[in-house]
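Undergrad: Keeping their order, the protein sequence lines are chains A and H.
Using the numbering used here, the first residue of the first sequence is number 1, and each one after it goes up by one.
Using the numbering used here, the first residue of the second sequence is number 687, and each one after it goes up by one.
If you are wondering where the hints come from, they were derived from the structure by calculation, not from laboratory data.
Treat the hints with care, as some may be off.
Below, simulated PhoX-like cross-link-like pairs (lysine-lysine); rule was C-alpha separation at most 25 Å, straight line [stated by the list, open to error]:
id : chain 1 : residue 1 : chain 2 : residue 2
1  : A       : 594       : A       : 666
2  : A       : 117       : A       : 391
3  : A       : 170       : H       : 1158
4  : A       : 590       : A       : 580
5  : A       : 117       : A       : 371
6  : H       : 815       : A       : 605
7  : H       : 1164      : H       : 1079
8  : A       : 169       : H       : 1079
9  : A       : 29        : H       : 1158
10 : A       : 580       : A       : 565
11 : A       : 170       : A       : 117
12 : A       : 594       : A       : 609
13 : H       : 812       : A       : 169
14 : A       : 605       : H       : 1079
15 : H       : 1158      : A       : 169
16 : A       : 371       : A       : 391
17 : A       : 117       : H       : 1158
18 : A       : 29        : H       : 1164
19 : H       : 1158      : A       : 609
20 : A       : 169       : A       : 594
21 : A       : 580       : A       : 594
22 : H       : 812       : A       : 170
23 : A       : 169       : A       : 29
24 : A       : 169       : A       : 117
25 : A       : 29        : A       : 117
26 : H       : 1079      : H       : 812
27 : A       : 389       : A       : 590
28 : A       : 590       : A       : 605
29 : A       : 605       : A       : 170
30 : A       : 371       : A       : 169
31 : A       : 169       : A       : 367
Per the computed footprint, the stretches of chain H lying under chain A, defined by three or more beta-carbons under 8 Å from a beta-carbon of chain A, are [said to hold, decoys possible]:
id : segment
32 : 812-826
33 : 960-974
34 : 978-992
35 : 1103-1112
36 : 1129-1139
37 : 1195-1201
C-beta: ideal position from N, C-alpha, C; glycine also.
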Amino acid sequence: MELQLYIQLALITLALPFAGFLILIFTGKRLPRNGDWLATGLISLAFLLSLFILIAKLVWHHNETITSSLNWITLNDLMGPSSIEFGITVDNLSAILLVVVTMISMLVHFFSIGYMKGDIRYSRYFACLGLFSFSMLGIVLTNNLLLMYIFWELVGISSYLLIGHWYEKKTATNAASKAFVVNRVGDAGMFVGIMILFTSFSTFTFETIFDAISNGELPFESTGWLTAAGILIFCGAIGKSAQFPLHVWLPDAMEGPTPVSALIHAATMVAAGVYLVARVFPLLTADALLVIAYIGAVTSVIAATIAATQMDIKKVLAYSTISQLGFMIMALGVGAYAAGFMHLVTHAAFKAGLFLAAGSIIFAMHKALHKTNDHHTDAQDIRNMGGLKRKMPVTYWTFLIFTLAISGIPFTSGFLSKDEILAGTLAFGIMSGHYLLPVAAFLVAGLTAFYMFRALILTFHGEHANATRLEGVEESPKVMIIPLIILASLSVYIFYSFNPFGAASGWIFQAIERPLSIVPVAMQPISNLLFHNVVSMVHSIAMGLSILFAFSGIIFALLVYKWKKIDADRLANSMGMLYKGAFHKWYFDKVYYKVFVDGILGFVKGLHKFDDKVIDGFVNSTAGVAIHLSNISKWIDEHIVNELVTLTAWIAGYAGEQLGRLQTGKVQTYLAFMVFGFIVLFILFI
Amino acid sequence: MELQLLGIGILTWIVFIPIVGMIIVLLIPDSRQDAIRWTALAVTGMQLMLAGLILRNFDRSMLGINESGSFQFVEHFNWITVDALPWIGKVEITYFLGIDGLSVLMVILTALISFVGVISSWKIGKMVKGYFALYLLLVTGMMGVFVSLDFFLFFIFWEIILLPMYFLIGIWGGPRREYAAIKFFLYTFIGSILMMLVMIALYFSIAYTDPVTGELVHTFNLLHMMNPDNLVEGSILAGINTTWRYIAWIALFVNFAIKIPLFPFHTWLPDAHVEAPTAISVILAGVLLKLGAYGLLRISFPIFPDATVYFAYMMAVLGMISIIYGAFCAMAQTDFKKLIAYSSVSHMGIVVLGIASLTTQGMVGGVFQMFNHGIITAVLFLVVGVLYDRTHKRGLTDFGGMATVMPRYTGVAIIGMFAALGLPGLNGFVSELFSFLGAFSAFRWIAIISVTGIIITAAYILWTVQRVFLGKSPEQYKNLPDLSAREMVSFAPLIMLIIMLGIYPGPTIKLMNASVSHLVDLINIGGF
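This is chain A alone, in the form it adopts within the complex (with noise of 0.2 Å):
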């Protein structure tokens, strides 16, 4: 297959989904069916060009990166002209990636046409979707940092007018430009790092910053300034990945439409900036990838015991995902590379499986509330709901799946990826004596096995609160419940590698490898090869440790909520603050909204003051002075200048008078007068 055929395909499926938002926002209110039909084919069609661009690709140019670009715009200065190029690449990591999002994306329209049947902003909700993969998939396929941030934001974008999709809802709106705006933060970062690495090298393509780096050029001429460059881009992957410290945005962000969560606030977006790193994993020296274990390991442990104590079903599970994401980013951090990415697959298809399993109970809730004329309860909160089991039998088997995947039970996809993820934590601990990471990892391990297994109890078993409710729940329609089949499946390992307890023959790990870091040799992190000997190592240990972790977090759950041998409200008393710091999601929203926004507002509020009374005072005092002045000067006029000519007339007049006598009317005496004249005159000037 030609190289080019690749690029060519490659842009006709990021078009599709972006020609699908043009007609849906202009003409989707009048097309049949308010146009769900048109959305969903074009993805669909997206969906089957990426597949075989990816099939093509692993089989035929397996190691090659196929990359075009054109020029955007040409600048001249003194130096030169120099070009600002947009391109996409096409290699492994974007070919997988690729298939990831179209397909999540695919499966989201068709459980969305069930989901959101009789909403009343349908086609806008169908055309946003499509603006939403287009933009993630010119994240995956770009090849340089400026269309990465253009299409950085246009994602954000996407997803503040989708968690705003009902936006008569208070909370809905705040929730979205909340998102938008903590995301702007990480941006700003971001953008600083690019502009740090564009004013070195002039340039804003990988592979062209790769080369200048490897070629011995510094930003600054300081390795400083190349950590610093490292951690500011990975700003933008704190936003978007909703890593410590800030991921406050991503559990409000559930206030969208529960499919949105799915595809956005789960399983694509939100893996961005993990596919960041992934992207300038080459660049980051070893002290920045320090920093991103720390924070990926910080933000696990964190979202994970607030999963723990929460109660509404989306909450927990959006915990869960920023406790994913920073395993994620931890993995990239301790050089578990292709581990890390991997995870973000297997998370993408059971962690949108979960969501989209939520959404179908919510879906049921809500239509039983309806039907008993219930209005108060509400439809997320697992403690009204239990028994459902029976009632959703395909909603509780597939949901049971996703939880043995995202707790790494053996067999199941999450198990592969999770096993390597923390047997690389654990070699990195044992190599830079960080032993705090792989303690981390474990833990979550632990944490998560339990609490989505106390989810899936609280759910599904025991007695649901109020028996004529349960009557009234029923399994979703097929167009929401084949969506979750299909996750279901590809939660298990065999998609991934035909050896059940080893990730590193599938083809995956075939096909993603560690690149190699550019930085100079002093600042590198630990070589690929001695990891990787060390992995192999601590393989067999940590695959024990993790099978162990996992089922005592199960097992735990099963006593706690199901055989009820320990209370769970003796179990929270006796855990005093850890479990009312966790609770409260350890205070960071509160803490935020009283430094930030009460702060903030406080704050311009005096700076108004400030420019209406200091700046615009003086000018308007100017002003008075002025007037004190025009005043001053009317007084010296009226009654000094003014006095002046009245006294300088006064003189005239007295002078005249004078003179007046001297005109007596005589000829002769002004003849006299005359002649002395001229006597003096000649006097003078003689």
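Mind docking chain H on chain A? Use the hints.
TA: The following block gives chain H in isolation, referenced to the frame of chain A:
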């Protein structure tokens, strides 16, 4: 490049056709209001077509700035010549018009915004004749500034703007119109006096030798002023990096900073905007604010490259303060129009930051940002105007849910808002990108601090969107009519430009690229 219609140069046409229109308007009887409106529309329409013609024939490779040979559409006549005065020599004031890469975008912007302004003035009912007569005079003044290459001429056009603006705000404005109009007038007038002083000092300090007669000729010709060889030995502005040159630069800078408006000279702007009628706000933000930055680029930078380099850091700091301060102040507003006025302070700060970098990237970004800000802010003031026309309210908390009530209007408003927020794919992003990139290479930390402005901007813009367009609509505004055809027409060209320039800015950047790099070159030679 020369282009003539009926034997008169195209720049003369584009500058004075509104004056012709004004005379016609004055001849039409008061009662025939529609005839007056249509005349104004026709005249500005013709002006827009002339601008299109200029754009079509504009040669992007010609440098301009200080080379009279590479200006385009040049018209150069002696206007006032006084021969052989004792100890001054020959005095010369010329009618010298021409454009280069710095001014071509401004000419187009002026023509476009003036045209849109007429459409949005359609509903003005008070003293229609006077309004449009003054409006057209204003347009002549603005266009004249952008095409003048003689300081005296520049100054005259600069002053012509003041008068109609004063009356347009003072008569057709809101409740505090007189205060706002006087404040605007006095503030800018003080600036003008400073500029006049510098102009006179320059006049006495600059003399060139007439190639034919060998006489020493004093001149107001800006291009002669840019040539350091023309400095008269011993004159007040002679030499390089002298105190008097710094003082002259500061005096000019204050004048231009008032117009931009740069912190701390900005407080006339919110008052003027709040009181001005919609169309005048559009003109004020769309074109008038650009006069300041344009003056810096056309006069201060090339004539005083030494002082420009000396004060570049200070300019960048003021730009930075304006960006952040303006954004914070915008956040504190409860009046929609005032919010946009402060956002102008913030966005014009980006222009100053960009051009202060004295790099090609930064200056291209700055000039492009001038154009983009003109378009975007025009849209935003029109957006406020639409609401105000319907409800006579402008408070941010008076509304809500407009997205449901007026979907088309909301679509337009959201595009304008997102462009102001710097969303990629819309024009604001491109110019901000270049401004920041240029600034970063010159003043690293200032640029880094300034970038936080994009966060604050996102916050106040989204908060505004949330308060006005999202949520539930108040009962009394449930049935507001969506955009009328006339309103759509006034929005359409601006929205199209916002999107087009965002996706493919290349050709527009090329328009100014040659001139801007030449200016950078000139500053590098003369300033370091």
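Undergrad: With the threshold set at 25 Å, check whether the alpha-carbon distance from residue 812 of chain H to residue 170 of chain A stays at or below it.
TA: violated (41 Å)
Undergrad: Would the pair residue 812 of chain H and residue 169 of chain A pass a check requiring their Cα atoms to be no farther apart than 25 Å?
TA: violated (42 Å)
Undergrad: Hint check: residue 29 of chain A vs residue 117 of chain A, CA-CA at most 25 Å. Holds or violated?
TA: The hint holds at about 14 Å.
Undergrad: For the pair supplied as a hint, residue 169 of chain A and residue 594 of chain A, confirm whether the alpha-carbon distance does not exceed 25 Å.
TA: With a Cα-Cα distance of about 23 Å, the restraint between residue 169 of chain A and residue 594 of chain A holds, given a limit of 25 Å.
Undergrad: Using a Cβ cutoff of 8 Å, are there at least 3 residues of the segment 960-974 of chain H near chain A, or does the coverage claim fail?
TA: violated (count 0)
Undergrad: Decide if the proposed pair is consistent with the structure: residue 117 of chain A and residue 1158 of chain H, CA atoms, cutoff 25 Å inclusive.
TA: This hinted pair holds, its Cα atoms lying about 22 Å apart.
Undergrad: Regarding the pair residue 1164 of chain H and residue 1079 of chain H, is the alpha-carbon distance no greater than 25 Å?
TA: holds (15 Å)
Undergrad: So if I understand the rule, the pair passes when the alpha-carbon distance is 25 Å or less; does residue 169 of chain A with residue 117 of chain A pass?
TA: holds (19 Å)
Undergrad: Just to be careful, I want the Cα atoms of residue 389 of chain A and residue 590 of chain A compared with a cutoff of 25 Å; is the pair within it?
TA: violated (37 Å)
Undergrad: Is the hinted pair residue 580 of chain A and residue 565 of chain A satisfied, with a Cα-Cα distance of at most 25 Å?
TA: holds (22 Å)
Undergrad: Does the alpha-carbon distance linking residue 170 of chain A and residue 1158 of chain H stay inside the 25 Å limit?
TA: holds (9 Å)
Undergrad: Given the hint that residue 169 of chain A pairs with residue 367 of chain A, test it: the Cα-Cα distance must not exceed 25 Å.
TA: holds (20 Å)
In this structure, the earlier hints numbered 1, 6, 13, 19, 22, 27, 32, 33, 34 are contradicted, and the remaining ones agree with it.
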